[in-house]
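Student: Going line by line, the protein sequences match chains A and B. Our numbering numbers the first residue of the first sequence as 7 and each following residue consecutively. Our numbering numbers the first residue of the second sequence as 7 and each following residue consecutively.
These are computed hints drawn from the structure, not numbers from a lab.
Subject to a maximum C-alpha distance of 25 Å in a straight line, what follows is the list of computed PhoX-like cross-link-like pairs (lysine-lysine): (1) B:Lys180 with A:Lys436; (2) A:Lys436 with B:Lys178; (3) B:Lys180 with B:Lys128; (4) A:Lys399 with A:Lys606; (5) A:Lys620 with B:Lys180; (6) A:Lys303 with B:Lys53; (7) A:Lys499 with A:Lys473; (8) A:Lys118 with A:Lys37; (9) A:Lys118 with A:Lys220; (10) A:Lys473 with A:Lys500; (11) A:Lys522 with A:Lys399; (12) B:Lys164 with B:Lys180; (13) A:Lys385 with A:Lys399; (14) A:Lys385 with A:Lys436; (15) A:Lys594 with A:Lys499; (16) B:Lys52 with A:Lys303; (17) A:Lys399 with A:Lys436; (18) A:Lys436 with B:Lys164; (19) A:Lys620 with B:Lys178; (20) A:Lys154 with A:Lys220; (21) B:Lys123 with B:Lys164; (22) B:Lys123 with B:Lys180; (23) B:Lys53 with A:Lys37; (24) B:Lys52 with B:Lys82.
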Amino acid sequence: MVDSPTADPVYKTDALIAEDIETYLDLHQNKGLLRFITCGSVDDGKSTLIGRLLYDSKMIFEDQLAALEADSKRVGTQGQEIDFALLVDGLAAEREQGITIDVAYRFFATEKRKFIVADTPGHEQYTRNMVTGASTADLAVILVDARKGVLTQTRRHSYLAHLIGIRHIVLAVNKMDLVGYERETFDEITEDYAGFAREIGIGNFTAIPISGFKGDNITTAPSSNTPWYDGPSLIQHLETVEIAGTADQGRSFRMPVQWVNRPNLDFRGFSGLIASGEIAPGDAVRVVPSGKTTTVKSIVTMNGELQRAVAGQSVTLTLEDEIDCSRSDVIAIADDPPQVADQFEASIVWLNDEALIPGRGYWLKLATQMVSATVAEPKYEVNINTMEHLAAKTLELNSIGVAEVTTDRPIVFERYEDSRQLGGFILIDKITNATVAAGMINFSLRRAQNVHWQALEITREEHANLKNQKPAVLWFTGLSGSGKSTIANLVEKKLHRMNRHTFLLDGDNVRHGLNKDLGFTEADRIENIRRVGEVARLMADAGLIVITAFISPFRAEREMVRAMLPEGEFIEVHIDTPLEVAEARDVKGLYKKARQGELKNFTGIDSPYEEPEKPEIRIDTTAMTPQEAADLVVETLLGFA
Amino acid sequence: MQRLTHLERLEAESIHIMREVVAEAQRPVMLYSVGKDSAVMLHLAKKAFFPSPPPFPLLHVDTTWKFRDMYALRNKAADEAGMELLVHHNPEAMARGINPFDHGPLHTDMWKTEGLKQALDKYGFDAAFGGARRDEEKSRAKERIFSFRTASHAWDPKNQRPELWNLYNARKAKGESIRVFPLSNWTELDIWQYIMAENIEIVPLYLAAERPTVERDGLLLMVDDDRFPLEPGETPVMRSIRFRTLGCYPLTGAVESTAATLPEVVQEMLLTTTSERQGRAIDKDEGGAGMEKKKQEGYF
Chain A
7 MVDSPTADPV YKTDALIAED IETYLDLHQN KGLLRFITCG SVDDGKSTLI GRLLYDSKMI
67 FEDQLAALEA DSKRVGTQGQ EIDFALLVDG LAAEREQGIT IDVAYRFFAT EKRKFIVADT
127 PGHEQYTRNM VTGASTADLA VILVDARKGV LTQTRRHSYL AHLIGIRHIV LAVNKMDLVG
187 YERETFDEIT EDYAGFAREI GIGNFTAIPI SGFKGDNITT APSSNTPWYD GPSLIQHLET
247 VEIAGTADQG RSFRMPVQWV NRPNLDFRGF SGLIASGEIA PGDAVRVVPS GKTTTVKSIV
307 TMNGELQRAV AGQSVTLTLE DEIDCSRSDV IAIADDPPQV ADQFEASIVW LNDEALIPGR
367 GYWLKLATQM VSATVAEPKY EVNINTMEHL AAKTLELNSI GVAEVTTDRP IVFERYEDSR
427 QLGGFILIDK ITNATVAAGM INFSLRRAQN VHWQALEITR EEHANLKNQK PAVLWFTGLS
487 GSGKSTIANL VEKKLHRMNR HTFLLDGDNV RHGLNKDLGF TEADRIENIR RVGEVARLMA
547 DAGLIVITAF ISPFRAEREM VRAMLPEGEF IEVHIDTPLE VAEARDVKGL YKKARQGELK
607 NFTGIDSPYE EPEKPEIRID TTAMTPQEAA DLVVETLLGF A
Chain B
7 MQRLTHLERL EAESIHIMRE VVAEAQRPVM LYSVGKDSAV MLHLAKKAFF PSPPPFPLLH
67 VDTTWKFRDM YALRNKAADE AGMELLVHHN PEAMARGINP FDHGPLHTDM WKTEGLKQAL
127 DKYGFDAAFG GARRDEEKSR AKERIFSFRT ASHAWDPKNQ RPELWNLYNA RKAKGESIRV
187 FPLSNWTELD IWQYIMAENI EIVPLYLAAE RPTVERDGLL LMVDDDRFPL EPGETPVMRS
247 IRFRTLGCYP LTGAVESTAA TLPEVVQEML LTTTSERQGR AIDKDEGGAG MEKKKQEGYF
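Sequences are here, hints too, so could you generate the full structure?
Tutor: As structure tokens, this is what we get:
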């Protein structure tokens with residue numbers, strides 16, 4: 007049988023609850039909240055420790071305990087004793103495999119604090135889950151098996167915890183019962199860890215010898231088994247460590263605007279979660295990036311107006327002046343606003359099976375800002391086992407690197423070191439909408455204000471008006487040999503005869519000049535399309551009807567070009583020819599070479615073609631002659647205009 | 007320095023979540039089940055958007071078998087919040103007369119799981135708030151706050167989006183949707199403390215009173231209306247009871263209790279030795295994996 011729950015005063019006192027519930031509730035209305043993560047290797051006993059914390063704080067009820075006892079006998083690994091890990095390993099698949107495969111959140115409370123624990127997996131391939139769990143934690147408990155000492159994974163977890171900005175590290179040397187509670191073992195491990203911690207910049211940490219299974223030094227210290235230990239118990243430490251949120255109050259006021267509250271013409275409020283600092287009616291504020299200043303009129307809540315609000319509160323502010331302010335803006339204290347930039351150096355943790363493609367457009371979400379962004383080839387990747395910097399062309403699942411990030415418009419930010427809220431971002435794949443990476447801004451590479459857009463006197467509308475046409479980009483996409491160039495040429499001839507000002511950008515021709523430095527790797531093909539997109543945009547700005555004929559196999563790049571142009575000006579023309587047909591035609595003999603392995607990365611053979619989902623025009627070349635196809639394109643284009 | 011209490015931090019987080027959804031979703035809705043968690047979620051929504059009314063409707067996926075007190079409070083709460091109340095009944099379940107007495111698990115599947123999918127499809131909602139908490143049940147402990155669903159409403163626990171900081175990814179393709187759980191980090195005790203602190207109205211069934219009951223299969227059931235088929239020899243007995251969770255009255259077990267005030271309820275909860283879902287028949291199907299399986303099929 008397990009040790010019975012301790013009757014220690016750190017947990018809820020049944021006597022007070024039974025005798026005077028009102029007093030008890032008053033005492034407990036105002037607890038603080040600490041979020042922490044536990045991390046360790048597969049068999050370090052994390053789940054057992056968490057099960058123990060829940061059990062000791064009586065978060066486990068009789069019915070759950072009965073189920074646990076039954077499960078322990080059926081699949082448990084502790085013989086007839088209770089296997090606490092079974093309490094925590096939530097999903098069916100994991101119960102069978104006996105490992106934790108995702109982040110799970112657990113809750114318990116002592117007399118002083120409420121705790122939220124992120125239980126993060128120790129498996130090698132699951133770095134992303136640990137980063138996820140750590141991103142909201144104030145403290146990390148790094149578990150080490152006393153029999154094994156500091157392992158590669160211990161280093162990895164410590165590095166990640168430090169990278170994600172966790173200031174409080176606890177080294178929990180677990181399974182002390184299995185090494186006879188020897189002081190030497192504990193001291194050796196602590197010393198070993200201290201050397202490593204210094205290397206990666208962890209200033210200080212708290213080492214505690216424990217047994218999650220037996221309960222030593224969990225709630226009280228020292229346990230009778232470790233009379234030589236003179237530090238706090240794990241719970242005592244968790245109850246007294248400083249909560250990160252309160253530190254944010256000491257910094258300058260910033261509130262990313264989430265939503266404009268406009269119930270009627272007389273009220274206009276700006277809602278958001280205060281990221282840092284504090285605010286009161288009458289304070290001078292600046293809306294960033296516009297830079298407009300005003301003062302705070304009131305802090306509105308359903309329970310009445312506030313005289314003051316602080317970091318961590320969700321509020322609605324009204325302002326004295328009617329100024330432009332909406333979601334994605336940041337309201338900041340007037341004399342110390344955050345910076346604005348569009349190029350950064352960032353640490354990036356890759357979270358997706360599909361590796362980073364440098365140059366591809368991703369959505370970047372930072373606070374309430376959502377912009378399009380590209381990531382350059384990484385400066386280096388970090389080997390998180392040895393902390394070495396390695397050369398890298400990309401970042402794969404679970405790898406961490408440093409790279410330049412460029413956004414399509416300036417964003418409001420702070421260094422991650424200064425603000426998790428304004429320095430941390432996620433990258434989202436534009437096609438699958440998956441969250442593919444987490445990033446932390448190290449610094450901006452240049453202030454955006456140094457690169458201005460030159461205001462042009464003659465606008466794009468005026469260029470187009472002179473030509474008496476509406477500019478457009480007819481973007482032909484399709485397999486090699488599908489007939490793109492043939493049909494595009496016919497379209498241009500037809501438009502030309504109709505006195506339309508056109509220009510045809512052809513794939514092969516562009517590669518002789520503008521893009522002759524590019525090859526056919528995935529990254530080069532993306533850069534090829536990006537450049538063509540930019541040129542097409544400039545030509546459309548000049549009022550032309552631009553026709554492009556490129557395989558452009560990736561959906562994301564076509565969408566990138568679409569996003570460069572005003573709504574309605576990008577017309578995607580899918581020249582839909584089945585691979586067999588294109589290959590049978592093989593006008594340039596390329597398919598043959600690709601099949602023989604002489605051509606690498608050939609679309610349709612060893613590189614994918616992602617069909618347009620909703621092209622404006624689809625041409626089925628097995629059912630239409632090139633002339634019919636050209637007619638259809640021209641009719642549709644003029645219909646659009 | 008103003009130290010925020012755990013309730014203040016939880017409140018701020020929930021409000022932040024709701025505002026993100028309203029800013030990024032096309033057509034959000036709040037699932038409202040009339041229980042104490044729904045009551046807290048609705049209260050938080052009122053606070054999040056004050057002085058505007060919450061900019062989304064309430065949706066009750068009804069089974070026709072809820073307690074009468076629940077229907078009364080449902081209509082009143084929606085009215086007071088100034089929100090539209092949508093009530094959906096699965097027409098097929100209605101036509102076939104599906105009920106908890108004769109149809110067992112099929113009752114939950116058709117009225118709730120299928121009913122919910124129908125309602126979301128019917129109105130084209132792309133984001134639905136639910137009041138589930140991570141401390142309730144093992145598979146919920148691992149679910150994201152923004153939980154992505156395919157066009158057929160399926161949940162894939164192995165393929166959840168990483169959720170970092172307080173940055174929520176609400177992007178999705180047409181037809182796909184997200185379930186959003188603003189109370190993810192609240193515990194049962196937090197809910198009660200908040201109800202007391204903010205004076206939130208809840209269904210009176212949470213407080214003890216003399217009510218007609220029968221004991222069946224180890225559950226203490228309340229005879230809430232005359233649709234309750236009594237077995238031979240069964241007669242309703244008046245007992246002082248209350249409920250820890252509220253669902254369909256024939257499926258929800260009561261506890262014998264004299265706790266008639268909120269502090270007394272909390273007192274009992276803190277001293278109790280059974281978990282809150284213990285009175286729910288639903289979790290016991292399929293061994294320990296019952297809830298996870300239901301969620302994959304689209305149950306909230």
